[in-house]
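**Student:** One letter stands for each residue in the lines below.
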Amino acid sequence: NAGVTQTPKFRVLKTGQSMTLLCAQDMNHEYMYWYRQDPGMGLRLIHYSVGEGTTAKGEVPDGYNVSRLKKQNFLLGLESAAPSQTSVYFCASSYPPTYEQYFGPGTRLTVT
Amino acid sequence: AQSVTQLGSHVSVSEGALVLLRCNYSSSVPPYLFWYVQYPNQGLQLLLKYTTGATLVKGINGFEAEFKKSETSFHLTKPSAHMSDAAEYFCAVSPRGRDDKIIFGKGTRLHILP
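Sequence lines, in order, name chains D and V. According to the working numbering, the first sequence is numbered sequentially starting from 4. According to the working numbering, the second sequence is numbered sequentially starting from 398.
Errors might be hidden in some of the hints.
As the list claims (entries may be wrong) - For lysine-lysine, the following BS3-like pairs were computed, each having C-alpha atoms within a straight-line distance of at most 25 angstroms: (1) V/503 to D/12; (2) D/74 to V/503; (3) D/74 to D/60.
Derived from the structure by calculation, the hints contain no laboratory data.
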């Protein structure tokens with residue numbers, strides 16, 4: 004049981020490049036989330052999904068897109084990376100009624 | 398709207414001393430409550446949670462937290478700090494039956510002094 008996994012672990016992009024971050028969970032959770040973590044800002048929700056084929060905006064969705072084609076996978080895309088998107092990205096999954104979050108190990112992204 | 402306040406972005410305690418990390422929430426209905434810990438360069442892991450029943454909950458690594466409805470608080474404590482407790486701690490709340498997300502505090506970094 005791997006829990007929540009994220010790929011890649013590290014990535015460096017140039018401004019304007021695109022990339023996709025992959026999150027996978029093997030706990031059969033319906034709910035999945037993408038957060039970004041920046042110093043002094045805590046965790047901020049980017050997008051989330053309440054089930055296969057659904058997505059919704061979180062607190063800071065601009066510049067990101069997501070897709071949930073399979074229940075176990077949640078993809079986060081950056082179409083045109085900007086230096087402001089330099090951050091650590093965490094994926095999480097959860098289940099009702101408490102929505103306790105199970106986190107992946109994170110992806111450290113640097114945009115130059 | 399629900400909010401979570403963690404008092405102190407940095408807390409320093411001596412090894413062997415009491416650890417107290419403060420968390421207050423704003424909600425008319427007591428939410429589900431969580432504490433998460435994040436060690437350097439790692440993801441967040443659940444330390445403990447309160448859902449129902451006993452208001453004093455015990456977690457991993459000797460930590461515990463007490464839900465106090467009258468004070469809208471869920472402070473985290475450990476009787477004797479260890480060097481390995483140095484990490485960032487996040488308090489979080491999940492509104493009962495009213496949302497499918499949880500709200501995180503901004504975190505408290507715990508420093509352990511030798």
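**Student:** Each hint should be assessed against the structure and marked as holding or not.
**Tutor:** Quick rundown of the hints versus the structure:
Restraint check: the Cα-Cα separation between residue 503 of chain V and residue 12 of chain D comes to about 23 angstroms, which is no more than 25 angstroms; the hinted pair holds. For the suggested pair residue 74 of chain D and residue 503 of chain V, the alpha carbons sit about 30 angstroms apart, so the restraint of at most 25 angstroms is broken. At roughly 18 angstroms between alpha-carbon atoms, residue 74 of chain D and residue 60 of chain D fall within 25 angstroms of each other, so this suggested pair holds.
Violated hint for the displayed structure: number 2, the only one.
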